[in-house]
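Engineer: Residue-level listing of the chains:
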Amino acid sequence: MEHYTMNLTLKVWRQKNSETVGHFETFEVKDISSEMSFLEMFDVLNEQLISEGKDPIAFDHDCREGICGACSMYVDGRAHGPWEKNTVCQLHMRAYHDGDTIVVEPWRSAAFPVIKDLMVDRRAFDRIIEAGGFVSVNTGNAPDANSIPVSKVAADEAFDAAACIGCGACVAACPNGSAALFIGAKVSQLAFLPQGDAERASRVKNMVDQAAKEGFGNCGNIYNCEAECPKGISVGNIAKMKREYMRASVSSGPAGIRSES
Amino acid sequence: MGFTGLFLIAFLIVHAGLNATIFMNDDGETFNKTSHFMSHNWIMRFLELGLFIGFIIHIVQGMILTRMNRAARPVKYSKTRYISKIKWYSRYMGILGILILLYLIMHLAHFWVETKSELYFGAEEVNQYERMREVFTQPLWFVLYMVGLAALLYHLLHGFQSAFQSLGMNDKTWTPLVKKLGVAYSVIIVLLFALMPIAFMVGWL
Numbered sequence: 000m001e002h003y004t005m006n007l008t009l010k011v012w013r014q015k016n017s018e019t020v021g022h023f024e025t026f027e028v029k030d031i032s033s034e035m036s037f038l039e040m041f042d043v044l045n046e047q048l049i050s051e052g053k054d055p056i057a058f059d060h061d062c063r064e065g066i067c068g069a070c071s072m073y074v075d076g077r078a079h080g081p082w083e084k085n086t087v088c089q090l091h092m093r094a095y096h097d098g099d100t101i102v103v104e105p106w107r108s109a110a111f112p113v114i115k116d117l118m119v120d121r122r123a124f125d126r127i128i129e130a131g132g133f134v135s136v137n138t139g140n141a142p143d144a145n146s147i148p149v150s151k152v153a154a155d156e157a158f159d160a161a162a163c164i165g166c167g168a169c170v171a172a173c174p175n176g177s178a179a180l181f182i183g184a185k186v187s188q189l190a191f192l193p194q195g196d197a198e199r200a201s202r203v204k205n206m207v208d209q210a211a212k213e214g215f216g217n218c219g220n221i222y223n224c225e226a227e228c229p230k231g232i233s234v235g236n237i238a239k240m241k242r243e244y245m246r247a248s249v250s251s252g253p254a255g256i257r258s259e260s
Numbered sequence: 000m001g002f003t004g005l006f007l008i009a010f011l012i013v014h015a016g017l018n019a020t021i022f023m024n025d026d027g028e029t030f031n032k033t034s035h036f037m038s039h040n041w042i043m044r045f046l047e048l049g050l051f052i053g054f055i056i057h058i059v060q061g062m063i064l065t066r067m068n069r070a071a072r073p074v075k076y077s078k079t080r081y082i083s084k085i086k087w088y089s090r091y092m093g094i095l096g097i098l099i100l101l102y103l104i105m106h107l108a109h110f111w112v113e114t115k116s117e118l119y120f121g122a123e124e125v126n127q128y129e130r131m132r133e134v135f136t137q138p139l140w141f142v143l144y145m146v147g148l149a150a151l152l153y154h155l156l157h158g159f160q161s162a163f164q165s166l167g168m169n170d171k172t173w174t175p176l177v178k179k180l181g182v183a184y185s186v187i188i189v190l191l192f193a194l195m196p197i198a199f200m201v202g203w204l
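Residue numbers (numbering that gives the first Met the number 0), protein chains in the order written: chain A, 0 to 260; chain B, 0 to 204.
Isolated chain A, as found in the complex:
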């Protein structure tokens, strides 16, 4: 692909903290290389702002290779930008042309308060994972490999669900602000496997109940989460979570271990 440079107009959301009201600010960036990543383009802009003595734009990032789930920008009306199954750190500037205007917003959800500018507090996800609790395992000597048989189908389903990087794009992209895809993935990755079966019922109940407390919306089966998920997590996992929840609601026996909150 041929290299080219471009000048762009950026409309970026600026917000001091969760207490204040944010607003859009317009920036011009010049000589951006088509081979830069979207975040590198933001680095260039921030260098420019620092040299002008202005406050740089705060945004989340870590691995910058599409696997950690830290980056979180809502670009031109889509979570993680225009490319499918992609994180914004792996969005490259060849997606744009000279003179383009790009609107960049943070994930917008009551459960994800803005920390600063494009950075949001996604600890609600951590609390949902915590509510899921532990998984019982045998301790002692290392067990033989494959001592617990797992079918290929179940292993694949669990693995696909476990691909979720917890970035929050599903919540950001959902018109209802629902976290159903995230919870679905986190419940399914264990529910498909024999390991952790002891806590199967309490896990799904506690995780779903925690999500309701965090102020996420409700799943309306619009499926925009699946469309915008960088890892292509299937909405089949949401149905799996519902089955698990119904099963947990009707199953008798001990209520399971509830996490303190």
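Just so you know, these hints were derived from the structure itself, not from any lab. The structure displayed is predicted, hence computed values, not measured ones. Glycine is no exception: its CB is placed at the ideal position from the N, C-alpha and C atoms. Do not take every clue at face value.
Quick look at which bits of chain B chain A covers, simulated, 3 or more residues with Cβ under 8 Å [to be verified]: (1) 10–19; (2) 57–69; (3) 109–118; (4) 161–167.
Mimicking DSBU-like on lysine-lysine, the simulated pairs with C-alpha atoms at most 35 Å apart in a straight line are [stated by the list, open to error]: (5) A:Lys151 x B:Lys178; (6) B:Lys179 x A:Lys53; (7) A:Lys10 x A:Lys204; (8) B:Lys78 x A:Lys115; (9) B:Lys171 x A:Lys151; (10) A:Lys115 x B:Lys32; (11) B:Lys179 x A:Lys151; (12) A:Lys10 x A:Lys84; (13) B:Lys86 x A:Lys212; (14) A:Lys212 x B:Lys75; (15) A:Lys10 x B:Lys179; (16) A:Lys29 x A:Lys115; (17) A:Lys15 x B:Lys32; (18) B:Lys178 x A:Lys115; (19) B:Lys179 x B:Lys78; (20) B:Lys179 x B:Lys115; (21) B:Lys171 x B:Lys86; (22) A:Lys29 x A:Lys10; (23) A:Lys151 x A:Lys204; (24) B:Lys78 x A:Lys212; (25) B:Lys179 x B:Lys84; (26) A:Lys84 x A:Lys115.
Fit chain B to the supplied structure of chain A, relying on the hints for placement.
Structural biologist: Quick look at chain B alone, frame taken from chain A:
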């Protein structure tokens, strides 16, 4: 929403099926008998109560969920885009629902209120077949019925497959079939209902 949705979906099959007796070409004789049975038989009147409860739960649930979903995003995006795979009607189920509710109020006023006033206030029994002709040959009502049915079509196109997903039924083998069945159901039901005003309007009946 899933349970009540499927219940209302089942009701529409009965409703469309019974109303289709107007196409018997007997000047509404079978239809009027059916209509009389449905409005006078006490079992049917008891079931009607269940139907109203189904509607009310579906509507109230929808309103509660909409409120919660609005609260889940207090600051709106300045710009949102959806890929073509995401259906617009899936995002506007609430608005379509309001349109259907308005349509339902009009529909009850046209055909339901009179049967009740007859039952409880001793009004003369209406010839429902002729009542249909009277309503459907008026351009204003005809257009409003078509608009209402269009809203119902899109509401069903999302609702049918969505109900199965909500009840935890999503499967690589069955879900594609459920989706096709949902489209077939929605189109057939709405087409059948739409043919009724059309038939009276163009003079087939």
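Engineer: Taking the hints in turn, state whether each one holds.
Structural biologist: How the hints compare with the structure:
1. 10–19: violated (count 0)
2. 57–69: Satisfied; 3 residues make the cut.
3. 109–118: violated (count 0)
4. 161–167: holds (count 5)
5. A:Lys151 x B:Lys178: Within the cut-off at roughly 27 Å; holds.
6. B:Lys179 x A:Lys53: violated, 56 Å
7. A:Lys10 x A:Lys204: At roughly 41 Å apart (the allowed maximum being 35 Å), Lys204 of chain A and Lys10 of chain A break the hint.
8. B:Lys78 x A:Lys115: Holds, at about 20 Å.
9. B:Lys171 x A:Lys151: Roughly 16 Å separates the two Cα atoms, so the pair holds.
10. A:Lys115 x B:Lys32: violated, 69 Å
11. B:Lys179 x A:Lys151: Satisfied, since the Cα-Cα distance of roughly 29 Å is no more than 35 Å.
12. A:Lys10 x A:Lys84: The hint holds at about 24 Å.
13. B:Lys86 x A:Lys212: Given pair Lys86 of chain B, Lys212 of chain A holds - Cα atoms ~29 Å apart, limit 35 Å.
14. A:Lys212 x B:Lys75: holds, 21 Å
15. A:Lys10 x B:Lys179: violated, 42 Å
16. A:Lys29 x A:Lys115: holds, 25 Å
17. A:Lys15 x B:Lys32: violated, 71 Å
18. B:Lys178 x A:Lys115: Since the Cα atoms of Lys178 of chain B and Lys115 of chain A sit roughly 43 Å apart, the hinted pair is violated (cutoff 35 Å).
19. B:Lys179 x B:Lys78: With Cα atoms ~32 Å apart, Lys179 of chain B and Lys78 of chain B stay inside 35 Å; holds.
20. B:Lys179 x B:Lys115: With Cα atoms ~39 Å apart, Lys179 of chain B and Lys115 of chain B exceed 35 Å; violated.
21. B:Lys171 x B:Lys86: holds, 20 Å
22. A:Lys29 x A:Lys10: holds, 14 Å
23. A:Lys151 x A:Lys204: OK: Lys151 of chain A and Lys204 of chain A at ~27 Å, within 35 Å.
24. B:Lys78 x A:Lys212: Roughly 28 Å separates the two Cα atoms, so the pair holds.
25. B:Lys179 x B:Lys84: Status holds; Cα separation ~15 Å.
26. A:Lys84 x A:Lys115: holds, 26 Å
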